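Asks: Sequence:
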Amino acid sequence: MTPEKRRTHESLKIQERMLGKKITQSIGWENFKDVFMVSAIHSLGSSDIEDYLLQKSKPSPWIFPKDVLTDKEDHKLVLHMIESTLYDFLPNEVPYNLKVEMEYYEVSREGNIHIVVLIHCNTPRIEKLVMGKRGSRIRNIAMKSEQHLRNLFLTDVFLKMVVTDKPKYSTQHMADT
1 MTPEKRRTHE SLKIQERMLG KKITQSIGWE NFKDVFMVSA IHSLGSSDIE
51 DYLLQKSKPS PWIFPKDVLT DKEDHKLVLH MIESTLYDFL PNEVPYNLKV
101 EMEYYEVSRE GNIHIVVLIH CNTPRIEKLV MGKRGSRIRN IAMKSEQHLR
151 NLFLTDVFLK MVVTDKPKYS TQHMADT
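With the working numbering, the residue at position 140 of the sequence shown is 140, and numbering never jumps.
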């Protein structure tokens, strides 16, 4: 064994011994104050976490009034809800390549919400995929999105989705619900 290899070998042995000492002297997990064992299969441990959180929580006034669900703007909620539905209905990377844009948003005097959303596709092929056979897929996406929005806003929502592979003002297909 060459002197250089001997020094490397001795250095590794020293590091191993130091690591061994550190492991034998350590108790618990560093940087963790409490550890919870949880089993989703057997439904065990979640009550321990709940008890811990209740014990650590401190009373304070609510940040938002009771009737406020979120601090996000309504039109952003609409766009996120529609994007979520697109993820559910479209295959693979297709929904990630779409651009969803709010064209129109109005709350009527009766409290109903009227929305028109543009769905921009990169290519005519993707547009056809989004539309589905005779527009059936986009109709289903629009109906499901509309239902989600009704549940979210607790009022009637009328949604129109426009699918296009063209820039903004040259629309091709519409799905009314």
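One or more hints might be untrue.
[To be verified] Straight line, CA to CA, 16 Å or less: simulated EDC-like cross-link-like pairs of lysine to aspartate or glutamate:
#1 K99 / E83
#2 K144 / D156
#3 K160 / E101
#4 K144 / D88
Since the hints were made in silico from the structure, they are not lab data. Computed from a predicted structure; not experimentally measured.
Asks: If a hint holds in the structure, say so; if it does not, say that too.
Replies: Hints, one by one, checked against the model:
| no. | hint | verdict |
| --- | --- | --- |
| 1 | K99 / E83 | 9 Å, holds |
| 2 | K144 / D156 | 13 Å, holds |
| 3 | K160 / E101 | 12 Å, holds |
| 4 | K144 / D88 | 10 Å, holds |
The structure agrees with every numbered hint stated previously.
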